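Asks: The listed protein sequences derive, respectively, from chains Z and P. Per the working numbering, the very first residue in the first sequence carries number 1; after that it's consecutive. Per the working numbering, the very first residue in the second sequence carries number 110; after that it's consecutive.
In short, the hints are calculated from the structure, not lab data. These numbers come from a predicted model, not from an experiment. In this text, a Cβ means the ideal position worked out from N, Cα and C, and glycines have one as well. Check before you lean on any hint, since a few could be wrong.
[Unchecked claim] Okay, the calculated beta carbon distance ranges per label pair:
| # | chain 1 | residue 1 | chain 2 | residue 2 | range |
| --- | --- | --- | --- | --- | --- |
| 1 | Z | Asn58 | P | Asp147 | 21 to 31 Å |
| 2 | P | Asp165 | Z | Asn58 | 45 to 55 Å |
| 3 | P | Gly162 | Z | Ile13 | 44 to 54 Å |
| 4 | Z | Gln104 | P | Asn171 | 37 to 47 Å |
| 5 | Z | Gln14 | P | Pro192 | 33 to 43 Å |
| 6 | Z | Asp38 | P | Thr221 | 35 to 45 Å |
| 7 | P | Gly162 | Z | Ala78 | 21 to 31 Å |
| 8 | Z | Gln104 | P | Phe119 | 37 to 47 Å |
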Amino acid sequence: GQQLNQSPQSMFIQEGEDVSMNCTSSSIFNTWLWYKQDPGEGPVLLIALYKAGELTSNGRLTAQFGITRKDSFLNISASIPSDVGIYFCAGRSWGKLQFGAGTQVVVTP
Amino acid sequence: NAGVTQTPKFQVLKTGQSMTLQCAQDMNHEYMSWYRQDPGMGLRLIHYSVGAGITDQGEVPNGYNVSRSTTEDFPLRLLSAAPSQTSVYFCASSWGRGRETEAFFGQGTRLTVV
């Protein structure tokens with residue numbers, strides 16, 4: 001099956017710092033999605049990307065759909081304590097969604 | 110709007126027992142899906158449905174059955190529970206039709222098989 005590699009696995013950052021994470025795949029996706037999951041909750045959709053090269057922002061979040069359609073990145077600017085959680089990328093092709101293993105973000109004051 | 114509602118939130122089963130995880134959405138979404146989440150593995154697709162009466166297998170379908178008799182409901186059945194099915198299960202729904210995204214997830218069902 002397709003392999004979706006998400007990195008880093010975890011990151012410890014100070015409040016106010018920028019955060020960057022990415023996902024790469026051996027196969028092409030038609031859609032890239034980024035989610036955040038808080039403990040005990042389901043994932044919440046942050047950003048959806050539908051076109052290669054697309055750059056989309058949602059507040060302090062910015063994500064891009066790579067031009068090769070095999071990668072995507074998510075940036076969080078000026079992190080705040082509530083940014084803590086697990087961030088997942090997901091790629092869709094042929095109607096099925098595949099998730100990365102997640103990036104655990106810990107924000108320290 | 111309740112969004113996506115999953116029941117139960119927690120369940121303990123004995124090996125060999127069967128049960129049904131319920132999922133309901135009130136947004137008239139066409140697309141619904143079931144995932145399982147295991148530590149360090151992200152979410153893996155079990156089964157999905159693009160509309161009432163239509164279901165298909167995902168990445169890890171073995172040991173699970175689904176049906177979609179109405180737009181609102183998409184139950185997941187465990188036929189004979191095994192310890193390997195201990196996991197957190199999430200149901201998701203979306204509008205489908207060209208802009209398919211798992212836009213809404215339920216809060217999850219935490220299942221332990223002993």
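Asks: For every hint, state whether the structure bears it out.
Replies: Hint check results:
no. : hint                            : in the structure
1   : Z:Asn58 x P:Asp147: 21 to 31 Å  : 28 Å, holds
2   : P:Asp165 x Z:Asn58: 45 to 55 Å  : 31 Å, violated
3   : P:Gly162 x Z:Ile13: 44 to 54 Å  : 48 Å, holds
4   : Z:Gln104 x P:Asn171: 37 to 47 Å : 29 Å, violated
5   : Z:Gln14 x P:Pro192: 33 to 43 Å  : 41 Å, holds
6   : Z:Asp38 x P:Thr221: 35 to 45 Å  : 21 Å, violated
7   : P:Gly162 x Z:Ala78: 21 to 31 Å  : 48 Å, violated
8   : Z:Gln104 x P:Phe119: 37 to 47 Å : 23 Å, violated
Of the numbered hints given earlier, the model fails hints 2, 4, 6, 7, 8; all others are met.
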